[in-house]
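From first to last, the protein sequence lines are chains G and S.
So the first sequence is residues 1 to 144, counted in the numbering used here.
So the second sequence is residues 1 to 446, counted in the numbering used here.
If you are wondering where the hints come from, they were derived from the structure by calculation, not from laboratory data.
It is possible that part of the hints are untrue.
Said to hold, decoys possible - Some chain G residues close to chain S (C-beta under 7 angstroms, calculated; not the full set):
hint	residue
1	Gln-12
2	Gly-15
3	Gly-16
4	Leu-18
5	Ser-26
6	Gly-27
7	Arg-33
8	Thr-41
9	Arg-43
10	Val-47
11	Tyr-81
12	Val-139
13	Lys-141
Keep in mind that this is a model prediction, so the values were computed, not measured.
All C-beta atoms in this analysis are idealised placements derived from N, C-alpha and C, irrespective of residue type, glycine included.
Residues per chain, in single letters:
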Amino acid sequence: MQEEDRIHLSYQVEGGDLTHAGEASSGVKQTLRKLGIDPGTIRRVSVCMYEGEINMVIHANGGLAMVDVGMDDITITLTDYGPGIPDIDRAMQAGFSTAADSVRDLGFGAGMGLPNMKKYSDEMKIKSIVGVGTTVTMVVKIPS
Amino acid sequence: MRHSVALTLKKCRGCTTCIKSCPTEAIRVRNGKATILPNRCIDCGTCIQVCPHQAVRSQRASVQDALKRFRYTIAVPDPALYAQFHNLNDVNIVLNGLLAIGFDDIYESAASAELLAAVMDAWEQGHAALRPELSPACPAVVRLICIRFPDLLGHLAPVITPVELAAILARRRAEEAGVPPEDIGVFSIVPCSSQVTSASAPNGLKERVVDGALAIRDVYLELLGPMRQLDPKELLPLAGGRTGTSWAFSGGEALSRRDKRYIAVDGIVNVIKMLEEIEDGRMPDADFIELRACTKGCLGGCLNVENPFTAKMRLKDLMGNMPPSHSPTAAARAEAVAILESTEKPEFLPTFQLDPDRRKAMEKMMAIQQLEERLPGLRCGSCGAPSCRAFAEDVVMGRASVDDCIFRVRERMQHEAVGADPDAYLPAPFRQRKVRTAAAGEEETL
Chain G
1 MQEEDRIHLS
11 YQVEGGDLTH
21 AGEASSGVKQ
31 TLRKLGIDPG
41 TIRRVSVCMY
51 EGEINMVIHA
61 NGGLAMVDVG
71 MDDITITLTD
81 YGPGIPDIDR
91 AMQAGFSTAA
101 DSVRDLGFGA
111 GMGLPNMKKY
121 SDEMKIKSIV
131 GVGTTVTMVV
141 KIPS
Chain S
1 MRHSVALTLK
11 KCRGCTTCIK
21 SCPTEAIRVR
31 NGKATILPNR
41 CIDCGTCIQV
51 CPHQAVRSQR
61 ASVQDALKRF
71 RYTIAVPDPA
81 LYAQFHNLND
91 VNIVLNGLLA
101 IGFDDIYESA
111 ASAELLAAVM
121 DAWEQGHAAL
131 RPELSPACPA
141 VVRLICIRFP
151 DLLGHLAPVI
161 TPVELAAILA
171 RRRAEEAGVP
181 PEDIGVFSIV
191 PCSSQVTSAS
201 APNGLKERVV
211 DGALAIRDVY
221 LELLGPMRQL
231 DPKELLPLAG
241 GRTGTSWAFS
251 GGEALSRRDK
261 RYIAVDGIVN
271 VIKMLEEIED
281 GRMPDADFIE
291 LRACTKGCLG
301 GCLNVENPFT
311 AKMRLKDLMG
321 NMPPSHSPTA
331 AARAEAVAIL
341 ESTEKPEFLP
351 TFQLDPDRRK
361 AMEKMMAIQQ
371 LEERLPGLRC
381 GSCGAPSCRA
391 FAEDVVMGRA
401 SVDDCIFRVR
411 ERMQHEAVGA
421 DPDAYLPAPF
431 RQRKVRTAAA
441 GEEETL
């Protein structure tokens, strides 16, 4: 499928504001439902989106969530200009978190964000430069 | 889908109040009158509550007709009924009142609620239910899950309401007593439009088990006089326990599940938020989630008389005089479990899908996005749709014309105004640009 035949959705995620976290995920879900994507795939996308959104809110002072829907896959690209991830392998370990106690007190920062995103996507790539920012790309395949 | 929620066109003034409060965006105003998109309506009754002209109603049976239709008529009252009366100190007065106005037998839905609560733990042990378990007691919520949260269908407990279970058991009891099946009529007395709908179209049963639904507010009027004439010393003891009665308000069902860690959510907007969270993988650390479309639970239903807050106070007073619960016998439990086993999982209804062919759906979505970008995003409702997104979708799906948007029409007028400035159509104080006045040919700066 050609690039222009894909549907593009983008959402600005505000940093430090957990009350609005989940809105981008909710918007994406509604669009996918209208396209007739199967419920299981929608749920995988919504988990990836939500976890990514929360990461950007907590760690990166917000960012941009872009979702690209084609016939065979849904690609989620999360871009932020936050502190970057010094050790990606370590960040990928279940339970590892650098979240502040104030965030943990709210029930976030359990260290499951990135592992869950990996678990629920078919492909995940992280590009990060310390002091510059992070881009996480996730691909969720649509079963034919 | 069948519905009980319907419009009285004569009363509708097309004011757009309902389109903005509908949680599933199921209402549009067309030609000055509201219309309901049947595939999206979940019969929650929000529109009935907000309509300033009483133009939306829930179509239900009349009490007098119900009493005439069958030789042996059974009432299945929802406990919300008891909370409607001022200065009532005994539920038995209401139940005996129902006998006085012509019902032949009573089966409280509070009694079957207690039975449900008692057998659900045992049922769960035999089934690999997904955690958290979602309550199926509110038919509007079940319909919402069917159209909007299909991936959560597996979390639903067996889809049967206390009213439905009561109706099945009441009919059996009458048949066992020798009443010919064709003579038996079972009528529920319910607080909301979704329960009226589920009487004729149950969500989890193969066929209907209730012959008709009566509104609490209709029965209330019939009961007032006869209840006053009852002799308190001659009341039959018909009332059940506190546990089942408490299902009328938010949190009652959850509490009746004893050792469960629970969350009780009421109000359709809150229900949607909670279901969104679960869908996003934000699993609340709960075993059971009670969900009610109406504020404060069934006491907030659109067919009650009293406001839900006063009603709750009254119901709590009444519950003070009741035994905790009537412990069901082993035989009753076994019978209930067998009924639970016979329920069916409701199916996903893809009513939001733009097209069954995904490629076509994608094309339509792109067209919707393109149009939406050119709309003002004000949610003014003038076009008859609840939002610019919904309007764009309506246009692409052929349910509306672009010219229904007053801003688009204005834009076009501006372009079509012959030889005039784009601001020419505005009254002078609002003009921001230089306008050439046609008569004098002079320039006037405003």
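We went through each hint and held it up to the structure:
no., hint, in the structure
1, Gln-12, "15 angstroms, violated"
2, Gly-15, "19 angstroms, violated"
3, Gly-16, "19 angstroms, violated"
4, Leu-18, "11 angstroms, violated"
5, Ser-26, "6 angstroms, holds"
6, Gly-27, "10 angstroms, violated"
7, Arg-33, "5 angstroms, holds"
8, Thr-41, "9 angstroms, violated"
9, Arg-43, "5 angstroms, holds"
10, Val-47, "4 angstroms, holds"
11, Tyr-81, "25 angstroms, violated"
12, Val-139, "17 angstroms, violated"
13, Lys-141, "14 angstroms, violated"
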